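A.B. asks: Numbering (my numbering), first residue to last: 12 to 304.
Hints listed in this document are in silico derivations from the structure and should not be mistaken for laboratory results. Relax, there's no trap hidden among the hints.
With a straight-line Cα cutoff of 27 Å, these simulated DSS-like cross-link-like pairs (lysine-lysine) come out: (1) Lys300 to Lys162; (2) Lys162 to Lys190; (3) Lys123 to Lys162; (4) Lys33 to Lys277.
Keep in mind it's a predicted model, so treat the numbers as computed, not measured.
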Amino acid sequence: MSRPVIITCALTGAGELSGKNKAVPVTPEQIADSAIAAARAGAAIVHIHVRDPATGRPSMRIELYQEVVERIRRSGVDVVINLTTGAGARYMPGAEDPLVADVKSTLTHWRKRVEHVVALTPEICSLDVGSMNFGDWVFVNTPVDLREMAKVIREAGAKPELEVFDLGHIRLARHLIDKELIAPPPLFQLCLGIPWGAPATPETMLAMRDQLPPGAAWASFGVGATQFPMVAQAVLLGGHVRVGFEDNLYLAHGVTAPSNAALVEKAAAIITQLGERPATPREAREILKLRAA
12 MSRPVIITCA LTGAGELSGK NKAVPVTPEQ IADSAIAAAR AGAAIVHIHV
62 RDPATGRPSM RIELYQEVVE RIRRSGVDVV INLTTGAGAR YMPGAEDPLV
112 ADVKSTLTHW RKRVEHVVAL TPEICSLDVG SMNFGDWVFV NTPVDLREMA
162 KVIREAGAKP ELEVFDLGHI RLARHLIDKE LIAPPPLFQL CLGIPWGAPA
212 TPETMLAMRD QLPPGAAWAS FGVGATQFPM VAQAVLLGGH VRVGFEDNLY
262 LAHGVTAPSN AALVEKAAAI ITQLGERPAT PREAREILKL RAA
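Required output: the full structure, derived from the provided sequences and hints.
C.D. replies: Encoded structure:
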């Protein structure tokens, strides 16, 4: 029998748009509509960031998250909602005094990063396990903050999607699991190809998969041109997959994707061609042992 493979669609992310693809959703209505279309195309989970509707820049405003979530829930389309907690973690030292943050830094208190999870009770939320150089920034996720965030997330009834960008992050995630801060089965997202994290190669994905604790559910993604090769690799290694504008703007070399749904449809085709099938939201809930929506 074919295996149900969960497709997550990461709708918009926190990266600069820079006019590279005008189909990237910005307003709450656009993000919600994109989520609904992605679900209809085969995504069982939608991973949500929000943007300032006026500027298109990443935002942490809880009312924007609320509008997106409410629009999706009112639509009647069944899909698992996954809210990011990654916003508010970027730090750039000031040019004159490294102890004073550059004005472009977003680093904020960990409580601010989970307040929308507490208020909106999604089934899943991301938890970025570990600090790293992220492009020209430092992505700051201290063990102390992660322990506190994990407690709040569990109390809110959400399953943390443990986003790991290198092997050391898996060690830290296993520490959180050992401390019983993460309910079984743990869900890992192997994030590949982000500068300067683990590269998007089959060897890296295999190495990271082999370090996961027994019984863990896992998915993986690659950024840019590696998105669809990593879809195929994750399916072959027994994992689940993620696609979407957060990670990649192109449907093929030189061809900008017209929508998140188009990226989901291509991922679904790859899964089918490899002899498996896209999981339904109901199957995703069963696989990940999520609470009732």
